[in-house]
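Participant: Using mature numbering (1 follows the signal peptide of the UniProt record, and there is no 0), the letters of the sequence shown map in sequence onto residues -19 to -1, 1 to 506.
Derived from the structure by calculation, the hints contain no laboratory data.
Treat the hints with care, as some may be off.
[To be verified] Each computed DSSO-like pair below joins lysine-lysine, with the alpha-carbon atoms no more than 30 angstroms apart:
id	residue 1	residue 2
1	LYS163	LYS30
2	LYS184	LYS243
3	LYS187	LYS243
4	LYS273	LYS251
[To be verified] What follows is a list of derived Cβ distance ranges for each label pair:
id	residue 1	residue 2	range
5	ASP231	SER414	33 to 41 angstroms
6	PRO127	ASP67	51 to 59 angstroms
7	PRO380	GLU196	37 to 45 angstroms
Just so it is clear, the structure is predicted and the values come from calculations on it, not from any experiment.
Cβ atoms here follow ideal geometry from the backbone N, Cα and C, with glycine treated the same way.
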Amino acid sequence: MKKTLQIMLIIFAVLTLLVACSDKKSSNQQTMAVNKTGFPIVDEEITIKMVGQKSPTQTNWDKMKVLNSYEEKTNIKIQWDTPAGDGYREKLNLMFASGEYPEAFFGGGLSRDDEIKYGSQEILVPLEDLIDEYAPNFKKILDDNPDIRRSITTPDGHIYALPTVIDVPRDLSGPKLWVNKKWIDDLGLEMPKSVDDLYTILKSFKENDPNGNGEADEIPIGSSKLEDIKYGLMGAFGYLGSNNFNAVDDKVVYVPSTEEYKEFLMYMNKLYEEGLLDKETFTQDAQAVTAKGQEMRLGLFMDAGAFLKVPVEQSDQYVALPPLTSSVNQELMWPRTSGISSGSFAITDKNPHPEATMRWVDYFYSEEGSTFIGVAGGVEGEDWEWIDEEKTKWEQIVPEGRTMAEMGAERTPAAGTFVPHVMRKEWVLKEHSPLNNEIDKEVSEKYEEYFKIPFPDTYYTNEEIEEVNAIQSDISDYVERMTAKFTVGEVSFDEWDQYTKQLNKLKLERLIEIQQEAYDRWKDS
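Sequences are here, hints too, so could you generate the full structure?
Facilitator: So, in structure tokens, the structure goes:
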């Protein structure tokens, strides 16, 4: 009897604990009728606490026109906490460590490691069931784009965060290589098709005073640490982008260990030795390159748009350098991003209204909602207007004495923060903006046909994260140092074998193995 009583007491204690846990969980999940279509989302006003990463140029989010208007439309009031960008990561870590995290993150800048770590701790709520039930706009995006679903699904099969989805070619192409076409024409040269052609052009830039000031002050290639130039020029040698991993026929390749990377470095060393690559490449920052661009001394450089490096009124001298070939690669290719900026939105276990929260964010994935929240958009007649009867072109409404950037920073958090929405090609390309229109034209004519994604967006498991971070840090530091030394001639290419052996000593083979496992999970998901 005594033993039976003890067993019954244990069972009662366990049941009491389970009920307590259930009560604790249900206390967070308050019953609230959610309207699945139309507005308002809820009939009785509710408040949700959200954290977002505020850009230094933005006004306070609780004063933003778009967010205030959306509160009235939805009946959902947001209590914002928006730490500044420079201290955001530190504050984010402190929030999670202390348990003082919000009910949702919007423009939250969560990393993939954050999703894995805090998802496995049940701090971030799995979203897939909520998506199916309360997010028809985002669900359609996933159904139409399986790669997006793969790229936001963690190894445990859950989706813990929603992304910013980018569908604009000029953004998908990343930074572009811009070359001074006026100098090429004035020197009687043709646009290059290969790296050998490019060498001829750069040499002529250096020797023939194309800016016509009587001084030998031209810098054929302006660069900072070579990563910018590598992003665009590496494709000529058979691999893509500045991310050192490429997937080729479903096999992971670490590009800096390949013979093709050696060929790329030998080419860059030749340019450096002959003064065609800026001698300050490895000692200057991006601002220093821009300063030289403002003096119209650069023949070739990398940026999202030429006008970001050189005077706007002279930026039309530059055109996008097309993809090139080399002796080791005859395929034209240009790196394309995945179009996914992950970690833009998440719901935590503290949220009493997850259904309403999911419906709230889903609007921004619709055509109307993505325009409403987006930096290129807002409300028709107030923030933008059609400029032709056929509605093929629109432009922002900017009051006299104000700039478009200032207006955006007052209107929407999308002006400076990756917030959950879709940057839609069909909408953005209709904007009447001469500078952006020129970039769109260049990307369409020179890059889109040759787009390739070097490596998909993958996740590591909890067990892999720590190992990868330790190995990758050592290898990346070593590759960066050796890239500089090979380029400037401090280390001979006769020592290439020693370089690759050292990579293996730093556990490169193990790093590739983990990357392959992550890639295989992505492909099979």
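Participant: Holds or violated: 51 to 59 angstroms for the Cβ distance of PRO127 and ASP67?
Facilitator: This hint is violated: roughly 37 angstroms between Cβ atoms.
Participant: Starting from the hint 37 to 45 angstroms, judge whether the C-beta atoms of PRO380 and GLU196 obey it.
Facilitator: Cβ of PRO380 to Cβ of GLU196: about 44 angstroms, so the range 37 to 45 angstroms holds.
Participant: Is LYS163 within 30 angstroms of LYS30, Cα to Cα?
Facilitator: 54 angstroms, violated
Participant: Within a Cα-Cα threshold of 30 angstroms, do LYS273 and LYS251 meet the stated pairing?
Facilitator: Answer holds: LYS273 to LYS251 is near 22 angstroms, not above 30 angstroms.
Participant: Within a Cα-Cα threshold of 30 angstroms, do LYS187 and LYS243 meet the stated pairing?
Facilitator: 25 angstroms, holds
Participant: Given a hinted range of 33 to 41 angstroms, is it respected by the beta-carbon distance of ASP231 and SER414?
Facilitator: 40 angstroms, holds
Participant: So if I understand the rule, the pair passes when the alpha-carbon distance is 30 angstroms or less; does LYS184 with LYS243 pass?
Facilitator: Within the cut-off at roughly 22 angstroms; holds.
When the structure is compared with the earlier hints, violations turn up for hints 1 and 6 and for no others.
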